[in-house]
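Full structure from sequences and hints, please.
If you read the sequences in order, they're chains A, B and C. Everything in the first sequence is counted per the working numbering, starting at 274 for the first residue and increasing by one. Everything in the second sequence is counted per the working numbering, starting at 76 for the first residue and increasing by one. Everything in the third sequence is counted per the working numbering, starting at 2 for the first residue and increasing by one.
One or more hints might be untrue.
What the hints assert, rightly or not - In silico DSBU-like links for lysine-lysine, alpha-carbon gap of 30 Å or less:
(1) Lys346/B - Lys384/B
(2) Lys425/B - Lys84/C
(3) Lys591/B - Lys346/B
(4) Lys85/C - Lys425/B
(5) Lys627/B - Lys84/C
(6) Lys591/B - Lys568/B
(7) Lys226/B - Lys85/C
To be verified - Some, not all, of what chain C presents toward chain A, calculated at C-beta under 8 Å:
(8) His11
(9) Val15
(10) Ala142
The hints are simulated quantities; they were obtained by calculation from the structure and are not laboratory data. Computed from a predicted structure; not experimentally measured. We put the CB at the ideal spot given by N, CA and C, even for glycine.
The primary structure of each chain is shown beneath.
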Amino acid sequence: MRWLNTAAAIPRRDPFAFAGLLLYFVFVLIAIFADSLITHDPREILFDANYDLVRNLAPGGDHILGTTFSGRDIYSQLVMGTRGALIVGVTAAVCVVTIGTVLGLISGYFGGLTDTLLMRLADIALGVPFLPFVIVLAAFLNPSQWNVVIGIALLLWPQSARVIRAQVMSLRERAFIEAARVTGAGPWRILFVHIAPNVLSLSFLYASIAVGWAILTEASISFLGFGPSNSVTWGYMLQDAYASQALGRGQYYWFVPPGLCIIAVVVAGFLISRGYEEILFPKLKD
Amino acid sequence: MLLNSKGLLRATIAAVTTAAIVVGSLPAAAESGDPIRKLTLISRAQAANPQQFQAAELIAQAWQQLGLDVEVQGMPRPQQSDAVWYNRDTWDLTMWQMAGRPERSDPDELIYNLFHSTTVESGYNFVGYVNPNYDDIAEKQRVTANRADRKVLIDQLQDIINEDQVYAFLVHPLQTFAFDKTVWDAGTTIEQPGLGIKNFWTFSNIEPLGAQKDMILNSSDELNAINPFYISGATDSWITELIWDRMMRIGPSGLAEPWAAETVTWAEDAKSVTITLRDGMMWHDGTPVTAEDVVFSFTAPVKFAPMYKPFVDGIANIEVVDASTIRFDLTTPNAAFETSTLAKLNLVPKHIWEPLLAALREGESAESVLEQSRIGSGPFKFNRWATQQEVVLDANATHWAAPKMERWILRIVLNVEATLGMLRSGELNFLSDYTGDPVLLIEASEADGDLTVVESVDIGFQYLAFNLRRPPFDDAAFRRALSAAINRELIRKAAYNGFAVTSNSVVSPALSFWHKAGIEAELDTGMDLAKSILADAGYVVVDGKLHYPTGKTEPFAN
Amino acid sequence: MAYFLRRFAHMLFVLWAVATILFFMFRLMPGTPLAAFIDNTTTAEQQAALIAQFGLDKPLGEQYWLFLTNLMQGDLGQSFFFKKPVVEVVMEVFPNSVILTLASLIIAYAFGIVAGAYLAWRRGSWVEGLGIPLVLTTRAAPEFWLGMVLLAFFSFHLGWFPSGGANSSGSDWSSDWQRVTSLDYLSHLFLPAITLAIYLQGLPLLLMRSNMLNVLQEEFITMARMKGLSTWTIVMRHAARNALLPVATAFALGIGGAVGGNVVVETVFSWPGIGRLLVNAVSASDYPLAQGAFLMITAVLVVMNFIADVTYHLLDPRVRIATR
Numbered sequence: 274m275r276w277l278n279t280a281a282a283i284p285r286r287d288p289f290a291f292a293g294l295l296l297y298f299v300f301v302l303i304a305i306f307a308d309s310l311i312t313h314d315p316r317e318i319l320f321d322a323n324y325d326l327v328r329n330l331a332p333g334g335d336h337i338l339g340t341t342f343s344g345r346d347i348y349s350q351l352v353m354g355t356r357g358a359l360i361v362g363v364t365a366a367v368c369v370v371t372i373g374t375v376l377g378l379i380s381g382y383f384g385g386l387t388d389t390l391l392m393r394l395a396d397i398a399l400g401v402p403f404l405p406f407v408i409v410l411a412a413f414l415n416p417s418q419w420n421v422v423i424g425i426a427l428l429l430w431p432q433s434a435r436v437i438r439a440q441v442m443s444l445r446e447r448a449f450i451e452a453a454r455v456t457g458a459g460p461w462r463i464l465f466v467h468i469a470p471n472v473l474s475l476s477f478l479y480a481s482i483a484v485g486w487a488i489l490t491e492a493s494i495s496f497l498g499f500g501p502s503n504s505v506t507w508g509y510m511l512q513d514a515y516a517s518q519a520l521g522r523g524q525y526y527w528f529v530p531p532g533l534c535i536i537a538v539v540v541a542g543f544l545i546s547r548g549y550e551e552i553l554f555p556k557l558k559d
Numbered sequence: 076m077l078l079n080s081k082g083l084l085r086a087t088i089a090a091v092t093t094a095a096i097v098v099g100s101l102p103a104a105a106e107s108g109d110p111i112r113k114l115t116l117i118s119r120a121q122a123a124n125p126q127q128f129q130a131a132e133l134i135a136q137a138w139q140q141l142g143l144d145v146e147v148q149g150m151p152r153p154q155q156s157d158a159v160w161y162n163r164d165t166w167d168l169t170m171w172q173m174a175g176r177p178e179r180s181d182p183d184e185l186i187y188n189l190f191h192s193t194t195v196e197s198g199y200n201f202v203g204y205v206n207p208n209y210d211d212i213a214e215k216q217r218v219t220a221n222r223a224d225r226k227v228l229i230d231q232l233q234d235i236i237n238e239d240q241v242y243a244f245l246v247h248p249l250q251t252f253a254f255d256k257t258v259w260d261a262g263t264t265i266e267q268p269g270l271g272i273k274n275f276w277t278f279s280n281i282e283p284l285g286a287q288k289d290m291i292l293n294s295s296d297e298l299n300a301i302n303p304f305y306i307s308g309a310t311d312s313w314i315t316e317l318i319w320d321r322m323m324r325i326g327p328s329g330l331a332e333p334w335a336a337e338t339v340t341w342a343e344d345a346k347s348v349t350i351t352l353r354d355g356m357m358w359h360d361g362t363p364v365t366a367e368d369v370v371f372s373f374t375a376p377v378k379f380a381p382m383y384k385p386f387v388d389g390i391a392n393i394e395v396v397d398a399s400t401i402r403f404d405l406t407t408p409n410a411a412f413e414t415s416t417l418a419k420l421n422l423v424p425k426h427i428w429e430p431l432l433a434a435l436r437e438g439e440s441a442e443s444v445l446e447q448s449r450i451g452s453g454p455f456k457f458n459r460w461a462t463q464q465e466v467v468l469d470a471n472a473t474h475w476a477a478p479k480m481e482r483w484i485l486r487i488v489l490n491v492e493a494t495l496g497m498l499r500s501g502e503l504n505f506l507s508d509y510t511g512d513p514v515l516l517i518e519a520s521e522a523d524g525d526l527t528v529v530e531s532v533d534i535g536f537q538y539l540a541f542n543l544r545r546p547p548f549d550d551a552a553f554r555r556a557l558s559a560a561i562n563r564e565l566i567r568k569a570a571y572n573g574f575a576v577t578s579n580s581v582v583s584p585a586l587s588f589w590h591k592a593g594i595e596a597e598l599d600t601g602m603d604l605a606k607s608i609l610a611d612a613g614y615v616v617v618d619g620k621l622h623y624p625t626g627k628t629e630p631f632a633n
Numbered sequence: 002m003a004y005f006l007r008r009f010a011h012m013l014f015v016l017w018a019v020a021t022i023l024f025f026m027f028r029l030m031p032g033t034p035l036a037a038f039i040d041n042t043t044t045a046e047q048q049a050a051l052i053a054q055f056g057l058d059k060p061l062g063e064q065y066w067l068f069l070t071n072l073m074q075g076d077l078g079q080s081f082f083f084k085k086p087v088v089e090v091v092m093e094v095f096p097n098s099v100i101l102t103l104a105s106l107i108i109a110y111a112f113g114i115v116a117g118a119y120l121a122w123r124r125g126s127w128v129e130g131l132g133i134p135l136v137l138t139t140r141a142a143p144e145f146w147l148g149m150v151l152l153a154f155f156s157f158h159l160g161w162f163p164s165g166g167a168n169s170s171g172s173d174w175s176s177d178w179q180r181v182t183s184l185d186y187l188s189h190l191f192l193p194a195i196t197l198a199i200y201l202q203g204l205p206l207l208l209m210r211s212n213m214l215n216v217l218q219e220e221f222i223t224m225a226r227m228k229g230l231s232t233w234t235i236v237m238r239h240a241a242r243n244a245l246l247p248v249a250t251a252f253a254l255g256i257g258g259a260v261g262g263n264v265v266v267e268t269v270f271s272w273p274g275i276g277r278l279l280v281n282a283v284s285a286s287d288y289p290l291a292q293g294a295f296l297m298i299t300a301v302l303v304v305m306n307f308i309a310d311v312t313y314h315l316l317d318p319r320v321r322i323a324t325r
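Here it is, written out as structure tokens:
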């Protein structure tokens, strides 16, 4: 359980990483308890007693952060957006980490033709421009949050895979692996029982970066108009504000909070990964 | 229980009474058909058309009160067109619009093409409305020369559509335009009913006040073509109107006026028209405009321009009487010929287009041709088109109606915030395409003091289309109920911010002669009314969900 | 030399693979390309003719072969909408993207290198404590969000910069070089370049700082023995050789990555670049153009990866020593 100890050691050593973990924790809580935290249905168009649309209200009274141009409560959208953000982020992170770790393990341990094939595959994935690819996916498939997840799962695993591969290659010659081999353990057992735990801390770090990347990409895709129109995410809120000329109307209470939330979640991921400074720059050859 | 006759009678009565009670207390489900499936309402994406999208959401929310499960799906224009136009059997509901164009100043184009049965398969009647009575009257109004008689027929057509609620009409938008009044003389703008100040006459007449003699206007859509045989969207038609001349043009009054034609004389039987060509017209490359060019312009579309073919099909023969006189013979009289054809077809130089069209391969049309020089005879000459950036036209000083400005420059600005910003900073001096909040525009003009904002009712209209091929939309009562549930006033205020007038006809109030006065009031709306129409037609709400009348099944259950 | 050839062949392989993936992606996606011609009253025969005209009725294998052979001759097909060769349309806007990318990267790296060195120098101080989270924030903010705020403030509010486009309306220039070096162009370039630069500077900054820290640790002990000599000069001279190498590599990689990622900034500032062209082509189902734009972006990415690899290989002192 060494990786657990290492993972737990980060907060004690680095106050920034601790702050990151705390932020994540807060957002997860908000996402879980979103239903009790919201004041209105985030998708409901609201009317007042005179059947007039309750639009463009400044913060105050019933609406903590005011209302949008279509008459929806901003605060409730912001809170519910946490859920959307974390679902996309965590799913993408899990995909990337799983694929990257497994492929890195296999590639690093078995070497040879498998390694060459997988590394060529990684080169192709690295050769596809990321945002254009997700745009094409989103334009041709139905608009959905899963386009972002698919894009990330297909294109962002090489970075973690390469680093993990390098780590595995150095581990595989170590004494304790030799000992396991001698006692008759099969290659898969060695790989997943003995080696994998030692690289999981690396996986965890790439996961935290991938969460942020997924949320930023979802926001960009929504902004370009390729996002789903029926779910409330922070990217959707920004797109809505942009299309409704929120800035021209001076509605900073609408345009700024979702941006700040995105920044908060993404920075939290970076801070956690900074517990290991030397692994922050995956594009470098090592 | 005695098995004698009295006992039997008592037993029978008891049995029947019990049966009646049991049957009477059975859940209503036994009295209704299948539940109505989840419906999808297609709309333009929110960023592209926020008003349409908002209206769709309001409508969906209203229909949920009737027990329907409605989802709004926003998508880009080509995808929406693909679904609605090319896959006519697959969609249920869509938001749509008819744009306001000068040719549509005569109601014929819309009132015929939208609802006539010949355009059901692949034309404008994509909702699938087939009504022989409507067809008859629509054809009749085409050949009725007397305007008053024709108006009676057009009123009848509007009534039929209202009765059948083929479309749920929503609004005629109020178009807002603006310009910098320190650059342009406000007195020289020309307002055309249904088109506002953004029209050919303004561009032709407007006078600069000071040093700035270039008009810089905007488009919020990317531009894809400048081709006299092709209209890909609204924006390119502004440009083709300026570069190429036409025989006639729709004047500020909304009626066709001679333009390239000196005189237009109709024969007694209304089946042929003689036109004398204006003297001294020149193409932009210096060669003169001839009668042969005219003949070519009206015959080439038959084979090479699918967009314009319908408008020249009715021409049986074109005769060149002499160098400046041409006679058109029609197959049948057509009251709308001046508007639909003479004011629509662009006059193109035969010496340039004939070789280009001859070089086309099988299956290609004039739309595939890229004529780089874009030679026309109009009041503006083509200068350049920087992709995704701007189109620059130079004033043609030798034209008989030469413009007073020096250049007409169209900038493509995708960001509506930036558009307003550019108008205020002076980077634009004529706001020709504003898809944003009119309130902000008015506030800006009040704050800056140098802008004039002009609003006018559009000839075009926004509506919701039912697909009459798919139940339950084949039931007129169902359509009437759904239409009644839509609060037009709410949509006008909420989705269009008050910048619209409610609509109940393809003929806009901007066309004051043809519009049937009071037709908006002839449509009764209200949620209670909607529910009662549904109930009367046999639709039942079970557990909050709306069901078909008894015996009807849901053919598209999902 | 062998290494160079190997890497070059590898680059061609990746280009081929991505082009193939792209080809099949565009052919097998749902949606009729003809939806673009919707305002037509086209009949079924005309639709069939259009399909034949664009070669969409041939078997997939034949289309693929045509695609590859055309690609090698530099022919990317014809745009449905513009009726011009895709290469022409793409090359009209491609230089604008390149200029935007280079400008923002140069600003970002110039700032990042200096600031990164400075932060390393001030290790442990409050400057670092404040600086690091600030840098991470710039890397976490959505680019379009930042762009809209900058546009609203510096353009709408203060009026210092134009609101969009690459040149003023109707401006005439004697040559392209004149146009892109003019003050007009530069004032249009400023806001989008700064927006991108704010996002991009995080990487060189942190990289530089990290390398500088390594260098400082090594040198610090030796420094302690040298009295009277400026530590700054010696450290800088040493750092210039080692710390900048990864940064230079990152710069090359940055060009490759940024060209494709500029699309949101190009939309906010109406900058006529290739990202915007891709979005427009995709929205309009103009798939020859979408394909061409995508391929162009990919080509830049892959070529820059190659250049980065080769440069690193040539300049890495460890490698150079080993091959001596």
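Consistency of the hints with the structure:
no. : hint                : verdict
1   : Lys346/B - Lys384/B : holds (19 Å)
2   : Lys425/B - Lys84/C  : holds (21 Å)
3   : Lys591/B - Lys346/B : holds (29 Å)
4   : Lys85/C - Lys425/B  : holds (23 Å)
5   : Lys627/B - Lys84/C  : violated (50 Å)
6   : Lys591/B - Lys568/B : holds (23 Å)
7   : Lys226/B - Lys85/C  : violated (46 Å)
8   : His11               : holds (7 Å)
9   : Val15               : holds (4 Å)
10  : Ala142              : holds (5 Å)
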